[in-house]
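Sequences and hints are given; from them, build the entire structure.
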Amino acid sequence: MTRTKHSRLPKSDALIPVLMILPSLIAIAIFVYGFIAWTGYISLTDWNTLVRNLDFVGLSNYAFLFQDFRFQSDLRNTVVFTILFIVATIGFGLLLAMLVDRRIRAEALFRNIFIFPMALSFIVTGVVWQWILNPTTGVNLILQALGAAKGHLPKWYISTSIVPGISGGQIELGIPIALIAVVIATVWQMSGFAMAMYLAGLRGISDELKEAARVDGASEWTVFRRIILPQLHPITGSLVIMLTHISLKIFDLIYAMTGPGAMFVTDVPGVYMFETTFRGNHYAQGAAIAMIMLLLVSLLIIPYLKSSLKEGAS
Amino acid sequence: MNKRMMLLAVFLVLSLLTAACGSSGTNDKTALENQPQTNSDSNSKDSADSSDADTAKKSVEIFSWWTGAGEEAGLLGLIDLFNQKHPDIEVINAAVAGGAGTNAKAVLASRMQGGDPPGTFQVHGGAELNTGWVAAGKMESLNALYESEGWMDKFPKDLIDMVSHDGTIYSVPVNIHRGNVLFYNKKIFDDNHLTPPTTFEEFFKAADALQAQGIIPLALGDKEPWTATMVFEDALLGVLGPEDYKQLFTGEIAFDDAKVKDALEKTKRMFSYINEDHAARNWQDAAQLVANGQAAMNIMGDWAKGYFTTDLKLQPNVDFGWIATPDTGGSFMVITDTFGLPKGVKDANSVDEWLKVLGSVEGQDIFNPLKGSIPARVDADSSKYDVYGQSTIADFKQSSLTPSLAHGSAAAEGFLTQVNQVMTIFVTKGDVDQAAKSLRDAQVSSGIVK
Chain A
1 MTRTKHSRLP
11 KSDALIPVLM
21 ILPSLIAIAI
31 FVYGFIAWTG
41 YISLTDWNTL
51 VRNLDFVGLS
61 NYAFLFQDFR
71 FQSDLRNTVV
81 FTILFIVATI
91 GFGLLLAMLV
101 DRRIRAEALF
111 RNIFIFPMAL
121 SFIVTGVVWQ
131 WILNPTTGVN
141 LILQALGAAK
151 GHLPKWYIST
161 SIVPGISGGQ
171 IELGIPIALI
181 AVVIATVWQM
191 SGFAMAMYLA
201 GLRGISDELK
211 EAARVDGASE
221 WTVFRRIILP
231 QLHPITGSLV
241 IMLTHISLKI
251 FDLIYAMTGP
261 GAMFVTDVPG
271 VYMFETTFRG
281 NHYAQGAAIA
291 MIMLLLVSLL
301 IIPYLKSSLK
311 EGAS
Chain B
1001 MNKRMMLLAV
1011 FLVLSLLTAA
1021 CGSSGTNDKT
1031 ALENQPQTNS
1041 DSNSKDSADS
1051 SDADTAKKSV
1061 EIFSWWTGAG
1071 EEAGLLGLID
1081 LFNQKHPDIE
1091 VINAAVAGGA
1101 GTNAKAVLAS
1111 RMQGGDPPGT
1121 FQVHGGAELN
1131 TGWVAAGKME
1141 SLNALYESEG
1151 WMDKFPKDLI
1161 DMVSHDGTIY
1171 SVPVNIHRGN
1181 VLFYNKKIFD
1191 DNHLTPPTTF
1201 EEFFKAADAL
1211 QAQGIIPLAL
1221 GDKEPWTATM
1231 VFEDALLGVL
1241 GPEDYKQLFT
1251 GEIAFDDAKV
1261 KDALEKTKRM
1271 FSYINEDHAA
1281 RNWQDAAQLV
1291 ANGQAAMNIM
1301 GDWAKGYFTT
1311 DLKLQPNVDF
1321 GWIATPDTGG
1331 SFMVITDTFG
1341 LPKGVKDANS
1351 VDEWLKVLGS
1361 VEGQDIFNPL
1371 KGSIPARVDA
1381 DSSKYDVYGQ
1391 STIADFKQSS
1401 LTPSLAHGSA
1411 AAEGFLTQVN
1421 QVMTIFVTKG
1431 DVDQAAKSLR
1441 DAQVSSGIVK
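Residue numbers (the working numbering), protein chains in the order written: chain A, 1 to 314; chain B, 1001 to 1450.
Don't read these hints as lab results, they were simulated from the structure. Source: prediction; values computed, not measured. A few of these clues could be false.
[Claimed, not checked] Below, in silico cross-link-like pairs of lysine-lysine (DSS-like), each with a Cα-Cα straight-line distance of 27 Å or less:
id, chain 1, residue 1, chain 2, residue 2
1, B, Lys-1429, A, Lys-155
2, B, Lys-1268, A, Lys-155
3, B, Lys-1259, B, Lys-1205
[To be verified] Looking from chain B toward chain A, a few residues come up when the C-beta cut is under 10 Å (computed):
id, residue
4, Lys-1105
5, Lys-1223
6, Ala-1279
7, Val-1422
8, Lys-1429
9, Ser-1446
Where a beta carbon is used, it is the ideal one built from N, C-alpha and C, also for glycine.
Next comes the structure, spelled out in structure tokens:
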């Protein structure tokens, strides 16, 4: 029916949709792509004081960053944090979804309890977990009451150890223990979201399929591995994309919860960018960090866009 | 059934997603920008009105980071005084929260760069003013104001130099804080029969004795790294003395000099006496350790005194004592809050009136007792100050004044952020040679060495 309506439209009306999206196209062209280009340009200049200085210096801001202890630490932290955060969130989210999917009583209540942290802003989460995991006032008091020796309590986000701590130039490579505290906070916040996504997926798998497998003698584990997991595959894909872009751009949670941390064990590019730009007035350096972050995110988003465009076309 | 559930779940996810995005986005923005934004709106509206009709209300917007207990009271006291003198001028208090002005400076930078300067703003005298806004050509000369108010001999010459560039004065100092103060818990020192240390030697001896008693000798809260930088700058001043200390920032002494390395060694040794959870604490949390007797000493600017007396209700000279940091007895690490006149302010006359109140004896004696600082003027009424204030006013007149690095008076912000980064690593790693090398690199790259 819509098709017949379309074909009756006069030719000039084809212009109207274009006109309708033109304002937002122009706004996006200027305020998104224009400013990206401007940032890219700034990152190649010598504007590293309050006084604007647009002398072209090539890639020297980038060269500085890659030799910088702090930025090297940031890159290590980003990689470690992204992996830990995604694996833990997806694993925990799937577990919660399976549990809630048992058609238990008060299912809606549990669902809401698990999703609720998502409604909070990262700043709130950061402040709350800063106190919960504070080594002198937080959860350590409970551990102490349970009998843990004072010297063996976890140091949470103030720990400066990096495991296994392989020397990699100036910095040590490995998992900064302090980041685990941050991962706990983010997983607490985001695993409800992963659960909701998986729950939707689980409800989409027809019971007949599972029953058929069981009739064929498959164990519950085999049903899970061979029937359920493959059916959830597209959801896992979308989750990975969404969670990765959250973790690459993370700023507010870390800023509120730990700050850069001793020896930059919890620092991330976003925090460095903010501090060097607006506190140190190193505008060009900040712009260079922004461009590197954009590159990292686009490495992830562009393949995703490509594949989803292909799907849309076919 | 399945389909309905799935739709429901998807809807739920989407609505939560937008809610979360919306809240995290707008919350941060409002927290940081809301106040100055609305203020600037009303400011520009007012000034637009006043250009249309002279009868419209005049206004002055005051930008600061004075939101803490004592400092906010001081600012409100000043505004009250101003309102009595100029009931026709509306005062807009555009304060942005955050210790040491770190958030406020970010907001200020974007407003100044965007051509929307506040009427007047808080800026530390010294490099923060001179290599920042003055070098950027964004400040008006205040020489005429100083002449007409007769201020040239009312402020110490060293201080006027700190707010001047090539003979032109750019701001009015309202207060003085001392940066090289060691606060100590009087009871702990008395119980252990210790005298407050005046030299590094005595400091380390006392620290060893305290550690043996199971007391944390030195409290540090370096969640924000400038507190560690303060310990370092005081060690620098102690080792180098005031003249050499100042030459570090003119490039005459290199930051990898043997004396700087000596100061780094002393700093490193001091850091070996700190509380384990220093990275989780801010300066107030560290001062609190001294207040409640868990730690013995704390190196902090004398705003900590305001925190002790106003917030924690402690008695100076009874509950806590103070002394200059090791080997800096004859020096005074100056942190001065000043206000200037940016270019492009629509109602500059009202700002002038505000600066006159700020620089007056009356204004300084209202503000400083509340804030816990001492007046910048030499002729203020010292009887209005408590025992700490009076002893500091006396010290201020006799000591050689040195600009604080940690608070942006000694060198440009760009250098300071790099020093803060070096200290963040140094507190944990304690690598003297690496720290000296990084400091030297920063000294060169930020243009201190020509």
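Review point. Checked against the structure, which of the hints given earlier come out wrong?
Key: Hint check: nothing fails, all pass.
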